[in-house]
Amino acid sequence: MSKSLNLYVGTVAGIGLLLVGAYNFADRNVADYPENPQMLGELPAPIPEPEAPVKTAAAPEAVDGGIIGAAHADNGDSKGLRFGLGRGALPEEIAAWNLDVSPDGTGLPAGSGNAYDGESIFEEKCAVCHGSFAEGVGNWPKLAGGDGTLADEDPLKTVGSYWPYTSTVWDYVHRSMPFGNAQTLSVDETYDIVAYILYSNDIIDDEFELNQDTLPEVVLPNADGFIVDDRAETEYSKWRTEPCMENCKDAPAQITMRATVLDVTPEEAVEEPAATDPAPEPATAADPAPEPAAEPAAEPAATDAPDPELVAAGEKVFNKCKACHQIGDGAKNRVGPQLNGIVGRDIGSVDGFKYSKTMGSMDGSWDAETLAAFLANPRGTVKGTKMAFAGLRKDADVEAMIAYLSSFSQ
Amino acid sequence: MSKETKGTSRRQFLTSAAALGAGAVAATGARAAGPDPLITEVQDWASGFGHGVDEVPYGLPIKFEDDVIRRNVEWLTADTISSINFTPIHALDGTITPQGCAFERHHSGAIELSKPDYRLMINGLVDQPLVFSYDDLERFPREQHVYFCECAANTGMEWAGAQLNGAQFTHGMIHNMEYTGVPLRTLLAEAGLDAAGDFKDKWVYVEGADASSNGRSIPMEKAMDDVLVAFKANGEALRKEHGYPVRLVVPGWEGNMWVKWLRRVEVMDGPVESREETSKYTDTLADGTSRKWTWVMDAKSVVTSPSPQSPIKHGHGPVVITGMAWSGHGKITRVDVSKDGGMTWETARLASEGQDKALTRFYLDTTWEGEEWLLQSRAMDETGYVQPTKAQLRDVRGLNSIYHNNCIQTWHVKANGEAENVEVS
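Chains Z and D supply the protein sequences, listed in that same order.
Under the numbering used here, the first residue of the first sequence is numbered 1, with each subsequent residue one higher.
Under the numbering used here, the first residue of the second sequence is numbered 1, with each subsequent residue one higher.
Okay, chain D solo, but in the shape it has when bound:
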């Protein structure tokens, strides 16, 4: 039963495309060969009952969608405890990422920390070091914001060339959620910042309650700006894998700084230079020197469909090209799409106006007559920054980078509708 309704794997796709043959892929408006029994015959679901309420007290997607899941690339890491998986962006639309399929990145596994056991300490250069319980946090004035969270290593495997064949794997270290929480500055003010003096050379050091602690240093300027201590995402509690009950949200900045299971914020007069901000999350240039403190995620976009895991399965004629764009510097103002590998571009339609440091969905409603495409998208943000090509990035950074690859992605859409991750001249 569920076999016919499965998402199309590459292998399955090849078989079905061959079976259809070129002639059979009729355009819309064609006459049916005969009456459709799904219409002419009474179906079980039109006669009997469906499930009653309470069948599933907390629902999962219907079984036909059970291939829309996070996936891991086993060879990337030594084990799954300190590892990452990928959001199935090829199968999603809109901008909000459901929590259940939003990528996970742990450094020592996703811990189970209850609200009663939760403590948040504010210490260091504050007037009165404080400890908050979870309930305390819910008594401060709250804010809501939608922000993307992108791992700095997203697309990192593509530096050396086209490697992973699917938008999920090349661009899936990202999610976009609506967070509810308390601004970090509110909590810092509660502890009193007279002791910190001039904020200009001050930092906060943030760490989690898990074994990795994943400590990061954040300049006071950012801490006092838009950093959120969040306890809800998309209207419900954070998931365990995203830091339940409380995580830090650092809008526009690399995901590693969004400390999960946040347990401590220390006001300091310098950065700690922790493992995560020295040996990791630094960017080695061609001459061997490395950039540090590369926090902002630059403007980026990707076509999510058609793409290798989401080939064109219908006939010639109308097709919707869609994808997503985001920038750590602010709003997306425009996305262009090229079908010929960057020779000519047309401007796509934004589903809604870009939001600050959040995903924007774009569409290009077009037609396809079986011609080959080298499909690309190119984002622009409100600072006027234009998403670069991989060649432009390599010219500046060389080939040894791991993080911050925001290059233009190319999918080769073939005559049979299949798509492949390629690099172009």
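One chain only, chain Z, in its complex shape:
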């Protein structure tokens, strides 16, 4: 815990000093928690501790609320006022949510993995964004490389070059990855993937068994690269001075750089008539909907134009896909191919998109049936697809999605 102690030396000297005007907060917190919390001082009267039965009533939805509530109520002793609200958390509930992993390995579940096994899992679940070698795709995070660049003008910050703790990689992959499909990796898959990321950074070899015991022992190259906030010493002491008001510079200020030269500022759209206009002009076509979605489908599809309600529902479902797919005017290939005209399009046929081997070599075209199967179970339907998405669970969502997709022609 020496790190924590350091923190307090640093922050009490720095931040603490600044808050002196508010309270003497070191005293307040080192001492026992006040019986009547300070903020309650303004209430007309202390709120009496409710009787145990009241507590039970207060948590009617509690699982075993009565028993746990009562235990909780009996415990209203030294530190602070208790209201008897809430219910006891059950061990299963704590286990389900308490997933965080600390640098010393606390919180790591039993399991194991290695980079050799991790390679194929990484390829399947991670490479669409992070690249087959963890080198990153486009603007998505690079996980490997950048060794020795931290003092350079444009440092490359990766797990290998920047992250201080292996535990953080495990914790994050397990809880928040894959992007859009979090909390679907098994414990062993997580060990495999983390091993592969470490291997890609030349930190372990491909046979190293990563498990709850070995993981905390894998020290990352930049583990000692961090210092606790030192602004109090390096900055505040300099900048708490009486400011200059006149003749503050040796020479008149000259412009040394202009934002318009770079020209990276988004243009403010030259707006079409306000879509939210509450009083539209008498019904004419003067208020064209901006999205082609609302346009009547072009000639061939005219007979089976999708139901607008279904299209609207599909548009909502499509939010799940937006991270990787574009559709509509100007849609481009991103992590996934652009989807204009997908219904009726040959499978694996968008120019310039690198499909998985399976998808690229498939015959036939996407129709309602093939799309429905794929959307419900992408990896089960097309083995080896790069699409990491787990699939739409509800049939209604699949139907709405197909309606939405079919509203965009080529």
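Because the hints were derived from the structure by calculation, they are not lab data.
Watch out, some of these pointers could steer you wrong.
[As the list claims (entries may be wrong)] Covered by chain Z, per the in silico footprint, the following chain D stretches (three or more residues, Cβ under 8 Å):
hint: 1; segment: 63-77
hint: 2; segment: 258-270
hint: 3; segment: 341-348
[Stated by the list, open to error] Pairs of lysine to aspartate or glutamate residues, derived as EDC-like cross-links and limited to a Cα-Cα distance of at most 16 Å, are as follows:
hint: 4; chain 1: Z; residue 1: Lys316; chain 2: D; residue 2: Glu112
hint: 5; chain 1: Z; residue 1: Lys332; chain 2: D; residue 2: Asp365
hint: 6; chain 1: D; residue 1: Lys115; chain 2: D; residue 2: Glu138
hint: 7; chain 1: Z; residue 1: Lys238; chain 2: D; residue 2: Asp395
hint: 8; chain 1: Z; residue 1: Lys249; chain 2: D; residue 2: Asp340
hint: 9; chain 1: D; residue 1: Lys292; chain 2: Z; residue 2: Asp230
hint: 10; chain 1: Z; residue 1: Lys394; chain 2: Z; residue 2: Glu315
hint: 11; chain 1: D; residue 1: Lys339; chain 2: D; residue 2: Glu369
Ideal Cβ positions, reconstructed from N, Cα and C, are used throughout, including at glycine.
On the provided structure of chain Z, position chain D as indicated by the hints.
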């Protein structure tokens, strides 16, 4: 119709400024060329009806203001799911940010979590781990406070030089709202803190219910001080994009710690060192070492008008320079304004006395005769800290920082009233 009333984009501005010509920008008090038909003729709105009540059960701003919206800088992030947009601070006044245009920052999208589905767990080093429903939270004694929430990356794109041409983009990762909620210490006390022992080396780990969970570690000292578990902002429920139904408010500290959709608070004996507090939200110095746990947002200010998106559109004579100032260390006590790039300064008027860790509005009521300005503002807080220049920051930190850029901003106001983001010597 709405075209004439649109906010002025840069292009539009240039055309209209050219059309006016220097002579036409008359000062106040000039005689009109002829009677104004808006006065001499009966207008439709003075004769017929407006909308009845209930036309809009929940109102949006009038259509003439529909350019006052959040905006995104597409090239900043790989997609909009894990991304940020910017508050239109150039078009706002006062201090309270309306929720509907307050910036958004998500790590895996804004989720829809209902009150009945909401659960908050307190666990770890507590006497009795607890689960609260949303209704439970509303039964604890509440507090109200106005606080600013600023992303640590606000102004981050400006480290290397003047980049984005607009206060919205350079300084818009901030909002300021009045929160209603329960102090975190009240909930911790409810779970019992005997088990935590001495608070001095204890932390709380807080996380959200969304897929990113965005976990952060907060020292117990702060958790027991002013951290709020908030469920209302500006008098109404939080918006989805700001963590409905419950978010954490960590006054004065970087926005990333204000966990949205708060689902769990764990009392721990050390920091988790999560992704958000190691690989992100750490500050790399010139020599390659990095600061961590840089939580406090230092004093900062910016002139919001005139600014690139809010040029001077009227003639010479009176002009109001306005902007906002804030400090994570406490109250703003003073704001100075310079028109010559920092050579001379005059003290601006604060619209009201500074509030603890909240935005303060400042005004400088002055005149403009078409001279060029290098307009700057400089905030001071109650600790005596004076907002630094970019050069001062670079001297200490080098050029590789991303977060915590609180430097003095310069707008170049030109003879035609247009303003540009510039860097000065």
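Could you grab the alpha-carbon distance between Lys115(D) and Glu138(D) and see if it respects the 16 Å cut-off? 11 Å, holds
Straight-line Cα separation of Lys249(Z) and Asp340(D) no greater than 16 Å? Answer holds: Lys249(Z) to Asp340(D) is near 10 Å, not above 16 Å.
Taking a Cβ-Cβ distance under 8 Å as contact, does the segment 258-270 of chain D have three or more residues in contact with chain Z? holds (count 6)
Given the hinted pair Lys238(Z) and Asp395(D), is their alpha-carbon gap at most 16 Å? 12 Å, holds
Between the segment 341-348 of chain D and chain Z, are there enough contacts, at least three residues with CB-CB distance under 8 Å, for the coverage claim to hold? holds (count 6)
Take a quick look at whether Lys316(Z) and Glu112(D) sit within 16 Å of each other, Cα to Cα. 12 Å, holds
Mind taking a look at whether chain Z covers the segment 63-77 of chain D? Criterion is 3 or more residues with CB to CB distance under 8 Å. Answer holds; 9 residues pass the 8 Å Cβ test.
Can the restraint linking Lys339(D) and Glu369(D) be considered satisfied, given a maximum Cα separation of 16 Å? 13 Å, holds
Would the hint linking Lys394(Z) and Glu315(Z) be met if the CA-CA limit is 16 Å? 15 Å, holds
Is Lys332(Z) within 16 Å of Asp365(D), Cα to Cα? Cα-Cα ~49 Å, so violated.
Regarding the pair Lys292(D) and Asp230(Z), is the alpha-carbon distance no greater than 16 Å? Holds - the C-alpha atoms of Asp230(Z) and Lys292(D) are around 9 Å apart, at most 16 Å.
In the structure shown, a violation is registered for the earlier hint numbered 5 alone.
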